[in-house]
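Novice: Letter by letter, the chains look like this.
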Amino acid sequence: MELELKELRADLQSLTQSLPDPSHHALLRKIQLRVEDLANLAAAAPVRRSKVEDMSAEVVDSNPYSRLMALQRMGIVENYERIRDFSVAIVGIGGVGSVAAEMLTRCGIGRLLLYDYDKVELANMNRLFFRPDQVGMTKTDAAVQTLSDINPDVVLESYTLNITTVTGFETFMSSLKNKSFRPDKQGSGVDLVLSCVDNYEARMAVNQACNELSQTWMESGVSEDAVSGHIQLLIPGETACFACAPPLVVASGVDERTLKREGVCAASLPTTMGVVAGLLVQNTLKLLLGFGQVSPYLGYNSLKDFFPTMQMKPNPQCSNVACLKRQEEYMLAKPARDAAAKAKMEAEAPTEEGPLHQDNEWNISVVDDIELDIPDTRSSDVLPEGLTHELPTADEFHKATLDAPVVDNDDLEDLRRQLEAINSA
Amino acid sequence: MEGWDPNTKSTLTQIPLLTRKAGPRDGAAWTQRLKEEYKSLIAYTQMNKSNDNDWFRISAANPQGTRWTGKCWYVYNLLKYEFDLQFDIPVTYPSTAPELELPQLDGKTQKMYRGGKICLTVHFKPLWAKNCPRFGIAHALCLGLAPWLAAEVPILVDSGMIKHKDDTATTSTES
Ligand SMILES: [Zn+2]
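One line per chain: the protein sequences are A and B, in this order.
What the first sequence shows, in my numbering, is residues 422 to 846, in sequence order.
What the second sequence shows, in my numbering, is residues 883 to 1057, in sequence order.
None of these hints come from the bench; they were simulated from the model.
All clues given are correct.
Below, a list of computed lysine-lysine pairs in the DSBU-like style, where the Cα atoms sit at most 35 Å apart:
(1) B:K1012 - A:K725
(2) B:K1012 - A:K598
(3) B:K1007 - A:K734
Because the structure is a prediction, the values reported are computed rather than measured.
Using the sequences and the hints, build the whole thing.
Specialist: Right, here's the structure in full:
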C-alpha cells in the first residue's frame, strides 16, 4: 500500500510536468490531494502487533503479558508461561464460546481449536464479540480474524462443521487426536475441550468423543430464558459423564406455567453469557495452571444471585459404553493413585501451610453446605437446592431387550424397497 | 403424556416401537436398528394412508441410512402447503432425536433454529429421553413435525410469510 501510494505520487508529478496545458493543472492538483488523503488513511490503519518469542514479566507498556506474568510474581500461579503449551478445543463459537475464546487468547493460550457450523447474523449482536461487519462470515472464520489480531502468538485452527453428524464427528475426533502441536504430549492432542453449545444433541456428541478419547472436558450452558447458567467439569471415569444422569440445570425459580414460550425459541443476554464464559475460563485456567480449587459443578441463578455447587460420581449403569470402560480403568488405577497421593502428602508434610491459606486469616471456608456427593442422581429429591434435572431418565425397558438375540431375517434392501413402494403408491 | 392432543397420542400408540439401542457408528447393530426404523416407518406411512391422513414422504439419502430427505405437507383452508424435509441421524442417536429441518422456511418463523431446524415443544425432549430407545424416526415425525406444522403453517399463511404455489397473482414465491 505504502509503496503503491509513493509511486502514484511520482506518476502524478511527472504527468503534471509533462502537460503543457495549464487548464488540466487544477484537476491534477485535486487528484494529488486525494492521494494525500488516502496516504493519511493508510498510515492511520491499525497496526498488527508482531509475535512475541518468550513471555516476559517486564512491566513496560509494550509487553502484552506483563500483568499476566505478575500472577506468578504474586505467587498465585507457579508457572504462568506454561499456558503456551496448552491446546484448548472450543465447541460452539456463540455467545459463550466466542467470549471464552477471546479470554483464552488474551491470556496467551498456546493453541485454540474452534468448531461451529453457523454464520454470524445480525440477530447475534445482542451478544459480545462478533461485529456487524462480520455478518455473513462463518463464526469460526470471523473468530480467527478477530483473535489473530488481538494476539498473533496463539495458534488458531478453525473447523466449520456440525459435530453431531457422522462425518462432522469423525473430523472432530481426528482433530482432537492430532498431536502435531506438541508431539510429546500424553493422551490426545488437546489439554481440554470446552463445550459451549446450546443444545443437548451437541453436548451428547462432545460427551461421546471425550469418553472415547478419555479426554477431560468442561460443559457450559445458559438456560433458554437467559437468566441462569452453569459450568461442569467432566473427567471420564472419575466424574459423572453427561449421559450418566439426565442433565442438571439451575432452576430459575420462574414458574414453568407462567413462562411464555409462544412465538419464541430462546432468549439471550450478553450478561448471563459473559458471566458463564468468565466462570468457564476461570475454571479452565485453574485446572490448566494448577491453582485454586477447580469446581466440579457451579450453577448461576441470576435472578437470585445464587451459585449452587455439587459433584457427581459416575453411574455404574450408564448407558454410554465408553463411559463404563473409563470407569473400569479408573477403578483399576486406584492403587497407583493412592500411592501417588500418599507420596505427595509425605513430601509436602514438613511445610506448614500452602500459599493458599496464608492470607485466609479468618479461616473462611469456601465449601458450603449444599455440596454433596451424588453417586446416582435418579431421584431429583437428593439434588441440592436450586438444581433440577432437565430431562427424565430413560425407562428400564431397554435393559432387557438390549442383549436379545437377533432373530429377524429381514433384508435391509427389501425393506427399503417396501418403503419406496408405499411412498410412490 | 401430559401436554399432547388426543389425536397425536392415539396415533403414537399405533406406531411400532423399536428395541435396539444403536447409532450410526455402531456397525452391524446400526443395520439392525435401521431395519426396525424401516418397519416402523412403513407401518406409520400405511396407517396414515388408510386413515386418509397421508402427510409426508421420507427416504434414506445414503446407503448408510444416516441422512434422510423427503417432503411433508399440511392442508390449511383447503390448500396444500408442501415443504422439503431433511435431517441427519446424529452420532448419539437414539439417545438424542434427529433434528428435523425444513430449509425452505429458514428465517421465516421464530419457531425455528438456524438452518431451518424446527423448534420443538417443551414436551418433546422429555418424552423422547424417557422412551429411548423405543422411539425412532416415525415417532419423531409424529411427535415433532406433525404438531409443528399444525401450529406454524396457519400462522405462516395468515401472516403472509408463505404463499400457496398456485397463488401467482401476488408473488411468484413457491411455498
Ligand atoms: Zn456415563
